[in-house]
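Work out the full structure, taking the sequences as your base and the hints as a guide.
Chains as they are written, first to last, in my numbering: chain E, 1 to 458; chain H, 1 to 501.
Errors might be hidden in some of the hints.
DSS-like, lysine-lysine: derived pairs with alpha carbons at most 30 Å apart [claimed, not checked]:
| hint | chain 1 | residue 1 | chain 2 | residue 2 |
| --- | --- | --- | --- | --- |
| 1 | E | K407 | E | K333 |
| 2 | H | K107 | E | K422 |
| 3 | E | K274 | H | K165 |
| 4 | E | K87 | E | K422 |
| 5 | E | K144 | E | K87 |
| 6 | H | K25 | E | K413 |
| 7 | E | K422 | E | K333 |
| 8 | H | K107 | E | K407 |
| 9 | H | K165 | E | K407 |
| 10 | E | K144 | E | K274 |
| 11 | H | K25 | E | K348 |
| 12 | E | K81 | E | K135 |
| 13 | H | K451 | H | K371 |
| 14 | H | K165 | E | K348 |
| 15 | H | K165 | E | K413 |
| 16 | H | K371 | H | K107 |
| 17 | H | K25 | E | K407 |
| 18 | E | K422 | E | K135 |
| 19 | E | K274 | E | K422 |
| 20 | E | K80 | E | K422 |
| 21 | E | K348 | E | K274 |
| 22 | E | K57 | E | K135 |
| 23 | E | K144 | E | K81 |
| 24 | E | K274 | E | K407 |
| 25 | H | K301 | H | K204 |
| 26 | E | K333 | E | K135 |
| 27 | E | K348 | H | K107 |
| 28 | E | K413 | H | K451 |
| 29 | E | K252 | E | K80 |
| 30 | E | K333 | E | K144 |
The following residues of chain E were derived to be distant from chain H, with all beta-carbon distances above 10 Å [stated by the list, open to error]:
| hint | residue |
| --- | --- |
| 31 | M69 |
| 32 | I155 |
| 33 | M162 |
| 34 | T242 |
| 35 | P365 |
| 36 | L403 |
The set of hints was computed from the structure by calculation and includes no laboratory data.
Ideal Cβ positions, reconstructed from N, Cα and C, are used throughout, including at glycine.
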Amino acid sequence: MLTLALMIILIAELSTENKKSIINLSMLLMVAVTVIGFIPSPEGTLFGGMYQTNHLKVLMKNILNIGTMILFFQVADWIKKPEYENKVSEFYMLIISTLIGMNFMISSGHFLLFYLGLELATIPIAALAAYDRSKNISAEAGIKLILSSALSSGIMLYGISMLYGTLGSLYYTDMASMDMDTPLQIMAFIFFFAGMGFKISLVPFHLWTADVYEGAPVNVASYLSVISKGAAVFILTILLYTVFFSIAPMWKNLLYAIAIVTMTVGNLFALRQKNLKRFLAFSSIAQAGFILLGMIDGSALGMASILYFVLIYIFTNLGAFGVVSAISVATGKEHMDDYNGLYATNPKLSLLMMLSLFSLAGIPPVAGFFGKFFLFTAAAHSGYYWLVFIAVINATISLYYYLLVVKAMFINKNDNPIAYFKSNLTTRIGLGLCLAGIFAIGLFSPVYEYIRMFSVGM
Amino acid sequence: MDFLTLFVVVPVLTIVGIVFTRDMKQTRLVSAIGMGIQLILAVTLVFMYLAERKAGNTAEMLFSHSYVWFESLNITYSIGVDGISVAMIMLTAIVVFTGVFASWNVKHLPREFFISLIFLSSGVFGFFISIDLFTMFLFYEVAVIPMFLLIGIWGTGPKEYSAMKLTLMLMGGSALLLVGLLGIYFNSNAGGGDLTFNILEISKVKIPMQAQRMFFPMTFIGFGVLGALFPFHTWSPDGHASAPTAVSMLHAGVLMKLGGYGAFRVAIFLLPDAAQEMSWFFLILTGISVVYGAFGAIHQKDLKYINAYSSVSHCGLVLFAILMMNKTALDGAILQMISHGLMTALFFALIGMIYGRTHTRMINELGGLMKIMPVLSVSYVIAGLASLGLPGLSGFVAEMTIFFGSFQHSDAFHRILTISAAASIVITAVYILRVVGQILYGPVKNDNYLKLSDARWYERVSTGVLIFAIAGIGVAPLWLSNMINESLNPIVHQIMQVLIK
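So, in structure tokens, the structure goes:
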């Protein structure tokens, strides 16, 4: 099983002393895990139905593995800094334990295991957010994350307990076959949804996002924005499609409203941001709003478009964050004005950044266009044309702020631009993978068809 | 590989070639060769097309191929051309080719400039060859986005503002378009078949009236934004005025035609019932475009603004003719697209060349240029005459056909609109002749101008090719008109079906 492989990494890391070898080892192991994940595994259940696995779930995990692998490549440069000398292995251990938590969450067949996975996936991230011990802002991010996630977990747990109280079971399969239409159960669902909304940073549960992203180290922020969010999106989709199947009309209305609010608020706040990390934080909120468009359809088409979008989003956002991280590591600069004239000195990084931003904005021929197009197709499939309309208007608004960064890099003049620097091999591999993904996943249709093959609807 | 895909592959290969060039000279050489090949391909396509028709091939789309792309959504990469797209491809090839020569002396980041320019052109070519709505939309956006960099980096004046305004307005238009296309897609199984993006297959299906009412305005406005439909035309004057020469040429000459082409190929062709029902509203809007653009041009002092407003007027006329929905008017619309494309490209090329010498585009600062640079000035006069519709040049044929077609509607509403739109020709004459008189004749306003040189060889290539094409259409319009005419049959057939009911 996948989780077993991850455990091995933990043990291996504990037993090594040399910092450099840990970095290399974890990169290698992550590559190995990702590759192993693609070997077809049998479907089955464990622990009396608490732990389930099937092709769809394996695919979701693989997507997360790919993201983590790229992140490990990008991280190597940053973690070699002297101030992190004594906590290199902590970083990898924490990341991997959150990944295990997410895997549990995705594979759970029972709310108990789900909750276990959720906590396992959340608490280490708070520690990671406070990784830059020396900086107050990083500690603040850690505290903020842990407090708000504890609150949201509490709310979610309350919702789950109400469900248990009224239904008498927490097995997904049992719950899916029961009707849930009493006011108490609907309230329980709302509580549960609020907890998930916090993870995905949907408006109005998004308030932690910008501060945490800004305070946390760039790579942790990127992990939060892609892997953690992706996992939450996956599990929410599964649960909506199965457990909450009986109240589908209800949650569709809820998603409709939340999607509009999330896209709009995320976009409007992103317009004014000058710090690149805060900027990407709000952009990732807006992107979460788009993802809801796929969920609302409730069909295999919607499921496929979500998986596809998240896969693209991983490559795209890691590309953008990777550039921000590379520049931050080399120069410590994270402000948008610092990027003025970047193209003159660092053309390759600027190009990658531009392509990533275009992909986020959904401009062809890069992959983001396909991702967004299929999400919109999924929503239109159910006849939500006005929702699609609002979403595309939002996509146009988002284009404005993405273009502001492009403008800074390519058009604005700067007397004192960021000097040329050459990042080391691993970072370049990480960024190169992002670049390849940004181009290939969209234009190369078998990726989509592969995902579509395993997707199921309600 | 099939022949049509070459039109996308050649630009891409040219871009790859440019990446490996070292300096401006190599870059422009590679670009010129690449776009020269493209022009040759376009000419070949015209002859191949004519030969095929002569051999009795009556298929709607020739040289068509279809490759499955996203199988589960039935998205295909389908390509094919009829007489109209062949004509548009020819137009694009000419304008891009001359555009490369018009920007022979780009000194700032030449590689990036030519890459963006040619990338843009690959989007335009792709748009004209596709008969699948998804591919079409993809190429449409590919054609729009490089504009931001092209205007933002190499433009003049308030370039950042104009670049942002243009990009956002066009992308806003494509947002509407996206919803419209999805709406068409999900109604394309009304006849019982599979959902499809293929234009030809959708045209055989009768999309439910309610859906048509919702999606016709979306697609029409979506394309109309690019075709400078009032009140969504405001990106055009700023964008054209700030853009560098070749970009203005390509944008006014070709990109705005994407709007017109899409409006009739998608909005009218696929949603004919709603088009018939709602045409009155959009006719009024386009009528305003025509007249307002012409009046706007009168008041401008900057040469580029004058031509930008005149483009609004002329492209408005294209949409106006399309909405008239009869064969003659549609024929005129296509002719007008081509004629305006060539003529505006020539105008902007000349303005760029004059500006490059005098460093001003204000008409009150220019004067007596005929004595200093006769070749450029004579070309300017020719462009002006074509623009105001002098017989013997392309503009006359197009406008004549349009008004002839529009006048076939016998009711008062259409008659009045036609007459007011036709009145814009007079206004056009006013601003064109005024500019020609002021900048070309009279005393030389600035003694420094006396030292300026006339057209260089590459500028002569650029203007010569365009003038040749303009005069060619004017003198022998029939072959082009025939080519368009027979391709209009399916569309006219669609419209007639609505009318019969």
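query = Which hints, by number, does the structure contradict?
reply = 22, 25, 28, 29, 35, 36
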